[in-house]
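So the protein sequences, as listed, match chains X and U.
Quick note: the UniProt record's numbering has the first sequence finishing at residue 239, numbered continuously throughout.
Quick note: the UniProt record's numbering has the second sequence finishing at residue 183, numbered continuously throughout.
Rather than coming from a laboratory, the hints here were simulated on the basis of the structure.
One thing to keep in mind: the hints can contain errors.
As the list claims (entries may be wrong) - Straight-line C-alpha distance at most 25 Å; calculated SDA-like pairs for lysine to any residue:
{"#": "1", "chain 1": "X", "residue 1": "K210", "chain 2": "U", "residue 2": "L97"}
{"#": "2", "chain 1": "U", "residue 1": "K136", "chain 2": "X", "residue 2": "S173"}
{"#": "3", "chain 1": "U", "residue 1": "K162", "chain 2": "X", "residue 2": "S173"}
Unchecked claim - Label pairs and their in silico Cβ distance ranges:
{"#": "4", "chain 1": "U", "residue 1": "S169", "chain 2": "X", "residue 2": "T195", "range": "38 to 46 Å"}
{"#": "5", "chain 1": "U", "residue 1": "T120", "chain 2": "X", "residue 2": "R215", "range": "32 to 40 Å"}
{"#": "6", "chain 1": "X", "residue 1": "S182", "chain 2": "U", "residue 2": "G119", "range": "54 to 62 Å"}
{"#": "7", "chain 1": "X", "residue 1": "G219", "chain 2": "U", "residue 2": "P47", "range": "27 to 35 Å"}
{"#": "8", "chain 1": "X", "residue 1": "P217", "chain 2": "U", "residue 2": "E32", "range": "35 to 43 Å"}
{"#": "9", "chain 1": "X", "residue 1": "S60", "chain 2": "U", "residue 2": "T120", "range": "54 to 62 Å"}
{"#": "10", "chain 1": "X", "residue 1": "Q230", "chain 2": "U", "residue 2": "Q121", "range": "33 to 41 Å"}
{"#": "11", "chain 1": "X", "residue 1": "K194", "chain 2": "U", "residue 2": "E142", "range": "37 to 45 Å"}
{"#": "12", "chain 1": "X", "residue 1": "A220", "chain 2": "U", "residue 2": "E32", "range": "23 to 31 Å"}
{"#": "13", "chain 1": "U", "residue 1": "M117", "chain 2": "X", "residue 2": "A226", "range": "40 to 48 Å"}
Ideal placement from N, C-alpha and C gives every residue a C-beta, glycine not left out.
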Amino acid sequence: MTDIPNTFNLDGERIHFEPGETILQAALKAGHFIPHLCANPEFTPHGSCKLCLVVVNNRSGSACVMKALPGLEVQSDTPDLNHRRRTLLQMLFVEGNHFCPGCEKSGNCKLQALAYDLEMFNDHFTHFFQPREVDASHPDFFLDRNRCINCELCVRASREVDGKNVFGIAGRSLEAHIVVNSPTGLLGDSTFAKTDRAAEVCPVGALLPKEVGFRKPIGARLYDSAPISQTPTAVKEEV
Amino acid sequence: MNMRPPMKKLKVATASLSGCLGCHMSLLDIDERLLELVKLVEFDRSPITDIKSCGPCDIALIEGAVCNSENVHVLRELRRNCKMLVAVGACAVTGGLPAQRNRFDVGEILERCYCEMPGTQSKVPDDPELPLLLDKVYPLNEIVRVDYFIPGCPPSGDALWKYLTDLISGRMPRLDYQSFRFD
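For reference, chain U alone in the conformation it holds in the complex:
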């Protein structure tokens, strides 16, 4: 796609909360269009740049659901600093597969994993550095305001490219039928 680069590069932050980084893989899957993308945007906090905290940004792309206190911290930081927050992928949009634990009590899950399974040390890890698990897994829009949603598990590289170029050019983002997927 031929796009005139904007006067000033937009700043984009990305983050993976409780996800599998599959959506970031999809972002890399736009292949040679990445070169076109970096002409239009500059990456701030992201697993790609390895920057850990975020400054003022234009767009935040967030994959993964919110399952622990660190996720909440990262999400709120991104919301504070970014003009536009985009939930990317099934986990961020609906809670996704991590939310399948929501039918169980989190205490019982920890007991089962760390105390009852063979070979475990009969103690739920309690190192103060470990983020605490939330009672349930939440999609992003149940914690902060979310401006845009890209469904898919993961959304394809083409879907991400279409959505991002729409956003960058100031169009209302749309996906064609083939790219609009929940799986």
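Okay, chain X solo, but in the shape it has when bound:
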């Protein structure tokens, strides 16, 4: 029996993978960017943002949960898929309250960076302007639910790495929001600490450190000079 090489095709390029890796992990490792928001190779895949949507052997699926297998034909950077990703981003933008001009995370925000990369000129859909609560009770961190995209990265980081289970999602549809595991429901009364892994993983400005806002000037921020798809740190999650 001949050995089948551990490679698959991504947009016509041959990508090597280790058995057990997902398509997204293998692609990122090979320096091939697939847009993603809720995925982080460190934690259990969630498959909720659907931005890493790819077509595998003519079927759609999320690259963050689909295992890489030898010989797969994967399409990612196609006009059709990018159009669908743009629509998903537009839905995320109208669902929350994303006021980029006044946000501390602007320039370092993955949601915004993907919108730039996919040339999202407008939000297209009718805005909900759903009122969401801000929790400033913690001495070191804000929890601004207006900017939350319910990716559950903080939920997973707190559960899987910190072993604290500080965060969770409650409610459905527009009412879905982050809840905090503390007697009062406030972040300040929970066991959350600024050294937690959960404090570093938020891709948007929902979980923000205090007293460091706007420290990096415009022009020096993470996604100011190059698109997220060409930023080497795109794989590594940055605050």
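Model the placement of chain U on the given structure of chain X, informed by the hints.
For chain U alone, coordinates are given in the frame of chain X:
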């Protein structure tokens, strides 16, 4: 940029609804290229010309969100008269910072500002000449059809120049990565 002037100058109207006029400042920020621009276009209704109502135009550049009845009136007038309507800047495109009031009830905001704050006269202004506030602040595309969008707060002079010259020359407008900004 060297561009052959079109046979007939295009007519451009600009307006600032609920904005800070920052996008118009950006338009002035194209500096000496303004001289090139006025060779290509003629300004109709605009804070620059101080003409208050608009005739038939080719391009409307509108900054600011829609927050009161006068904004709706101006926006609809521009839509009726202009072939191409461009939403310029974060407020026009997404509602922007004025839309931060949308989580509150407009009646409560007025009460708070005019009746409860120290030094106020305990009366919400009701002069019939004042335009009524809308219940929410809306981006332009939730009121009228919008043809093009230029994001940014404000879009840079370079972004406006690139977008405008693309539009005037009949190309599909694109912005380079540095000019494509939400902030």
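Hints, verified against the model:
1. X:K210 with U:L97: Holds, because 21 Å separates the two Cα atoms, which is no more than 25 Å.
2. U:K136 with X:S173: Roughly 22 Å separates the two Cα atoms, so the pair holds.
3. U:K162 with X:S173: 40 Å, violated
4. U:S169 with X:T195: 38 to 46 Å: For S169 (chain U) and T195 (chain X) the Cβ distance comes to about 55 Å; the hint is violated.
5. U:T120 with X:R215: 32 to 40 Å: 38 Å, holds
6. X:S182 with U:G119: 54 to 62 Å: 40 Å, violated
7. X:G219 with U:P47: 27 to 35 Å: 29 Å, holds
8. X:P217 with U:E32: 35 to 43 Å: About 27 Å separates the Cβ atoms of P217 (chain X) and E32 (chain U), which means 35 to 43 Å is violated.
9. X:S60 with U:T120: 54 to 62 Å: 58 Å, holds
10. X:Q230 with U:Q121: 33 to 41 Å: 57 Å, violated
11. X:K194 with U:E142: 37 to 45 Å: 40 Å, holds
12. X:A220 with U:E32: 23 to 31 Å: 29 Å, holds
13. U:M117 with X:A226: 40 to 48 Å: 46 Å, holds
When held up to the earlier numbered hints, the structure conflicts with 3, 4, 6, 8, 10 and fits the remainder.
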